[in-house]
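Undergrad: Let the sequences and hints guide you as you build the complete structure.
There are 2 protein chains.
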Amino acid sequence: MKKDRRRLIAAAMGKIPCDLTVKNVQYVNVFTGEIYPAEVDVIDGFVARVRYPEEAQELESKETADGEGHYLIPGFIDAHVHIESSMMIPEQFGRAVVPWGTTTVCTDPHEIANVLGIDGVKFMLENGRKSLLRQYVLAPSCVPAVPGLEHSGAEFGEEEIGEILDMDGVVGIAELMDYVGVYSGSERMYRIMEKGLEKNGFLQGHGPLLSGKELSAYAAAGVESDHESETAEEIREKLRRGMHINLRASSLVNHMDQLAEGIRQIPYHDFISVCTDDVHAGDLLALGHVNKVVRYSIEHGMDPVDVIRMATLNGAREYGFKDLGALAPGYAADMQLVKALDGGRPERVWIGGKLAAENGVYVGETAEETPDFSNTMNVGWMKKASDFSLTAETENGTVPVNVIVPLDSTNVLRKVERQELPVKDHRVCLDGREDLAFVCVCNRHGLENRTVAVIQNFGLREGAVGTTVSHDSHNAVIVYKKEKDALALLRELERTGGGLCVVKDGQVTGSVALPVAGLMSLKSCREVAGEFEQYRQAFYQVCGESTPLLSCAIMSLTALPGIVVTDCGLVDGGKQEFVDVFAE
Amino acid sequence: MKKDRRRLIAAAMGKIPCDLTVKNVQYVNVFTGEIYPAEVDVIDGFVARVRYPEEAQELESKETADGEGHYLIPGFIDAHVHIESSMMIPEQFGRAVVPWGTTTVCTDPHEIANVLGIDGVKFMLENGRKSLLRQYVLAPSCVPAVPGLEHSGAEFGEEEIGEILDMDGVVGIAELMDYVGVYSGSERMYRIMEKGLEKNGFLQGHGPLLSGKELSAYAAAGVESDHESETAEEIREKLRRGMHINLRASSLVNHMDQLAEGIRQIPYHDFISVCTDDVHAGDLLALGHVNKVVRYSIEHGMDPVDVIRMATLNGAREYGFKDLGALAPGYAADMQLVKALDGGRPERVWIGGKLAAENGVYVGETAEETPDFSNTMNVGWMKKASDFSLTAETENGTVPVNVIVPLDSTNVLRKVERQELPVKDHRVCLDGREDLAFVCVCNRHGLENRTVAVIQNFGLREGAVGTTVSHDSHNAVIVYKKEKDALALLRELERTGGGLCVVKDGQVTGSVALPVAGLMSLKSCREVAGEFEQYRQAFYQVCGESTPLLSCAIMSLTALPGIVVTDCGLVDGGKQEFVDVFAE
Numbered sequence: 001m002k003k004d005r006r007r008l009i010a011a012a013m014g015k016i017p018c019d020l021t022v023k024n025v026q027y028v029n030v031f032t033g034e035i036y037p038a039e040v041d042v043i044d045g046f047v048a049r050v051r052y053p054e055e056a057q058e059l060e061s062k063e064t065a066d067g068e069g070h071y072l073i074p075g076f077i078d079a080h081v082h083i084e085s086s087m088m089i090p091e092q093f094g095r096a097v098v099p100w101g102t103t104t105v106c107t108d109p110h111e112i113a114n115v116l117g118i119d120g121v122k123f124m125l126e127n128g129r130k131s132l133l134r135q136y137v138l139a140p141s142c143v144p145a146v147p148g149l150e151h152s153g154a155e156f157g158e159e160e161i162g163e164i165l166d167m168d169g170v171v172g173i174a175e176l177m178d179y180v181g182v183y184s185g186s187e188r189m190y191r192i193m194e195k196g197l198e199k200n201g202f203l204q205g206h207g208p209l210l211s212g213k214e215l216s217a218y219a220a221a222g223v224e225s226d227h228e229s230e231t232a233e234e235i236r237e238k239l240r241r242g243m244h245i246n247l248r249a250s251s252l253v254n255h256m257d258q259l260a261e262g263i264r265q266i267p268y269h270d271f272i273s274v275c276t277d278d279v280h281a282g283d284l285l286a287l288g289h290v291n292k293v294v295r296y297s298i299e300h301g302m303d304p305v306d307v308i309r310m311a312t313l314n315g316a317r318e319y320g321f322k323d324l325g326a327l328a329p330g331y332a333a334d335m336q337l338v339k340a341l342d343g344g345r346p347e348r349v350w351i352g353g354k355l356a357a358e359n360g361v362y363v364g365e366t367a368e369e370t371p372d373f374s375n376t377m378n379v380g381w382m383k384k385a386s387d388f389s390l391t392a393e394t395e396n397g398t399v400p401v402n403v404i405v406p407l408d409s410t411n412v413l414r415k416v417e418r419q420e421l422p423v424k425d426h427r428v429c430l431d432g433r434e435d436l437a438f439v440c441v442c443n444r445h446g447l448e449n450r451t452v453a454v455i456q457n458f459g460l461r462e463g464a465v466g467t468t469v470s471h472d473s474h475n476a477v478i479v480y481k482k483e484k485d486a487l488a489l490l491r492e493l494e495r496t497g498g499g500l501c502v503v504k505d506g507q508v509t510g511s512v513a514l515p516v517a518g519l520m521s522l523k524s525c526r527e528v529a530g531e532f533e534q535y536r537q538a539f540y541q542v543c544g545e546s547t548p549l550l551s552c553a554i555m556s557l558t559a560l561p562g563i564v565v566t567d568c569g570l571v572d573g574g575k576q577e578f579v580d581v582f583a584e
Numbered sequence: 001m002k003k004d005r006r007r008l009i010a011a012a013m014g015k016i017p018c019d020l021t022v023k024n025v026q027y028v029n030v031f032t033g034e035i036y037p038a039e040v041d042v043i044d045g046f047v048a049r050v051r052y053p054e055e056a057q058e059l060e061s062k063e064t065a066d067g068e069g070h071y072l073i074p075g076f077i078d079a080h081v082h083i084e085s086s087m088m089i090p091e092q093f094g095r096a097v098v099p100w101g102t103t104t105v106c107t108d109p110h111e112i113a114n115v116l117g118i119d120g121v122k123f124m125l126e127n128g129r130k131s132l133l134r135q136y137v138l139a140p141s142c143v144p145a146v147p148g149l150e151h152s153g154a155e156f157g158e159e160e161i162g163e164i165l166d167m168d169g170v171v172g173i174a175e176l177m178d179y180v181g182v183y184s185g186s187e188r189m190y191r192i193m194e195k196g197l198e199k200n201g202f203l204q205g206h207g208p209l210l211s212g213k214e215l216s217a218y219a220a221a222g223v224e225s226d227h228e229s230e231t232a233e234e235i236r237e238k239l240r241r242g243m244h245i246n247l248r249a250s251s252l253v254n255h256m257d258q259l260a261e262g263i264r265q266i267p268y269h270d271f272i273s274v275c276t277d278d279v280h281a282g283d284l285l286a287l288g289h290v291n292k293v294v295r296y297s298i299e300h301g302m303d304p305v306d307v308i309r310m311a312t313l314n315g316a317r318e319y320g321f322k323d324l325g326a327l328a329p330g331y332a333a334d335m336q337l338v339k340a341l342d343g344g345r346p347e348r349v350w351i352g353g354k355l356a357a358e359n360g361v362y363v364g365e366t367a368e369e370t371p372d373f374s375n376t377m378n379v380g381w382m383k384k385a386s387d388f389s390l391t392a393e394t395e396n397g398t399v400p401v402n403v404i405v406p407l408d409s410t411n412v413l414r415k416v417e418r419q420e421l422p423v424k425d426h427r428v429c430l431d432g433r434e435d436l437a438f439v440c441v442c443n444r445h446g447l448e449n450r451t452v453a454v455i456q457n458f459g460l461r462e463g464a465v466g467t468t469v470s471h472d473s474h475n476a477v478i479v480y481k482k483e484k485d486a487l488a489l490l491r492e493l494e495r496t497g498g499g500l501c502v503v504k505d506g507q508v509t510g511s512v513a514l515p516v517a518g519l520m521s522l523k524s525c526r527e528v529a530g531e532f533e534q535y536r537q538a539f540y541q542v543c544g545e546s547t548p549l550l551s552c553a554i555m556s557l558t559a560l561p562g563i564v565v566t567d568c569g570l571v572d573g574g575k576q577e578f579v580d581v582f583a584e
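One line per chain: the protein sequences are A and B, in this order.
Each residue of the first sequence is one higher than the one before, starting from 1 at the first, in UniProt numbering.
Each residue of the second sequence is one higher than the one before, starting from 1 at the first, in UniProt numbering.
Because the hints were derived from the structure by calculation, they are not lab data.
There is no bait here: all hints are sound.
Intra- or inter-copy, both count: the list cannot distinguish identical chains.
With a straight-line Cα cutoff of 30 Å, these simulated DSSO-like cross-link-like pairs (lysine-lysine) come out:
| no. | residue 1 | residue 2 |
| --- | --- | --- |
| 1 | K199 | K3 |
| 2 | K15 | K575 |
| 3 | K415 | K504 |
| 4 | K199 | K2 |
As the structure is a prediction and not an experimental result, all values here were calculated from the model.
TA: Below is the structure:
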């Protein structure tokens, strides 16, 4: 971070007045783990000096804040987060998380990159700069996630990765999700990693359940971190190999009991930091952000100062940020005043010495301008209801279909099962089968590719549900009983530029507009959370309660070990190969 | 460090055989602080995998070493050392320290730089590359130490510093000894530091007794480390400001009791590493190197694994070395097998997976070629004995002289005292004053500059003692009773290319030849220690036992708070100003 060190030195020496002094605080020193009374002098956004109360200040600061004896801790650092999961743009995301004490995030714009490519990454960087929140970006490593099994809006090879790494604010390569590619010697992954290492970038990991030789190979490749651990043993094995562990509690995953247990078994915690990965707007409003992980950790018996160190200094060291994560001379004055060391909402948050939030309210200016982006819904080629039909060679009679059926009651992982289904006028017909629905995945990135298949026990009773938030390629996924409802739903997604939608009796009954790449709203956290709640209600008017709300969003996720649907066909994620829609 | 990650990954996966496996060891994991049985697989000089004994190896390694159940720990890192203090060249220094378990040193070639400038730094880099020991170099920040009060052989401004920082193997700027310059805004120091920060280099500190606003300003300037702490409080204050502390025990300084006390008071130790600063050949032979500091620390009650972590991983993290200081996939296979975690001599030492020392014997190849360097003794202009006379305007009678007298019994710090001394034929004469001697500091860097003064209670009884190792400018310093002995001594220094010398009755009775810049021998540690011992004996034949052996070496040290002698005159180090040789 550029700083005028002449002025910093002069301010520390008391030769020029500071901009701000925060007085009367219990200062939490994350370097030493001590807590003691102090006054913090700030100039040009950086800490010049941390004084003991008995040390006189030579010149009075321009402004003084009274900490009323509460704790002053550094701002939190989120070591790994996908902003798109909040369905907010970076500037709005900043407004949502800063009041919870987060002052720096390291983001993986993997979702928008799959839709808009490098332009999407640039948008995240540029829009992020309008926020007080410090937003660093990592170059998405897996765009598309699995080449050949689906079509996304972009393809990143070493050249694109190199171009992104050269951008201001980009600090490394984001989670290397193709861990199998990494340890089995995929040339594509190898070249992407080499580009990262060549540019002195950080290589972020994603190695769920990796152990033994595969984990060693993953670490030997240069991968430095991991946030996927679910068990105490997994944490230990990764730490033993020198990896940084990002403690995670997201809107989707929370294994804090196991993680806390793993940490208790290890004497040293300086390779442990904190991340949120995916957080929904509603959870941000209700539960918080990094502070939530801090709170959960403390609730699971971890030492508060130790956890605060993880959520601040350790994250900065993981990335090699030399002036973040602590309040000491030369460090950015990113700080929060908290009543207790419990992960609760801070009373005040400063970023670069500027007040950024107070009592839960963001006080930064509004970036009024509307971001420049175009509608990414290239689905005009889906014109009529019959485009959503599953057409068979047989004109009338029955046909054997590879029906997608749940593996278990969680209704997340699936397999296929051969079933004879009736055909009328070459169209597979679900009449009389309440348990079946159609699913269509429809390319929206410029190819006229679609897959229509049959799914059992999805839980849809009538109408249609669908979304453009569909990992990792974000094509449109629609589950429906009748083709005309699917068409109405797709038209609504086209109108809004993408989003989440429910159709009942041909009418839109729930809709969250996500006009930015079909992934993000322009609205505030509160508005997005409100719209999402309406969508949720509409969703459960047509679906049973056992249907996960985000079922459609992972219907195409080829990383899952089961049957998924992409714009190219049915895919067995475990085997990484296609399965025919019709059975033999 | 360049590595073929394809091969590393393949080796970790067991697809290609490793070069070496060290079996049957208690592996000390410095990341987690755990100790457990393991086998370490190495390929191309790097660790591919650390296996639990029960984990099978897919392919047998080309070579196997049996650790016989002893501990395997990473090689030690010396975070700050002046190789010149050992009086050995870097290649020989490597032979001396590797058998003690040191595998990486970060060196400050401050002494040779003051004599030979950039060529001196290049020599240290090039000669260091001939050693198995990993030798990183920092750009000396204070050449000369105090411009204007003495003449050295070179002057480094921001340009020279920039040139050095661009050299392969240079990792930052060496100890910023002019800490007063740093905190009081010296333009010279500022520009040197900015150059370091611009090149993303590490700024090493040297801030003895700094505290309060001066310490804050020093840290705010970007200085990241310090090795000068003498008290528990000093350690704490520096750690609190985010500085890395290098625990030091050198041949000159050892405050381990205080440092251990300071560390006990602080919960977190990951900003603490280890250094040796200045170590003499004899001490290296008898006491060891980094392992000595480790041993002292443990003897003072520190936890052995904690100390080993300091001496390995913490040093690497201080510098941002991502593949040193630990034994984990992708890390350099710099390792030592030790019987106990006590800082004793290792049984075996590997560097980059190659056996480098066994039972105290270095097993690397000898770099036979003689380094290319020229005689730096430009003292031919001192031709006759009378050049060493202190000449007065008065022809005969007495003259008031500012005699240099000890401040206390330690005979290190000095002041001046006006004394009337006899003059014969314009020459100040010491006849009948057993307590007095002459001291001459004679420029050897191309200027015909010399200072002759009178010193009291130095302890010289007869003859002359002198050296070219004379901090920080390394001009020739000779203390003598008779001018002819001084001339004989200077001729010997000229002949040997510099060194340490004793003359008695016109004859050389002790001489350590230091032909490399008048600072370093070409010989081995054992030989240098032997020659130094002979010199010591000769020294104490002409000097009393209360005379410190290295008195001459700090006679010119303008950083001392007292009277010193440079080629420009008498200097009051505290006031940084000249004092006349003759009194008013």
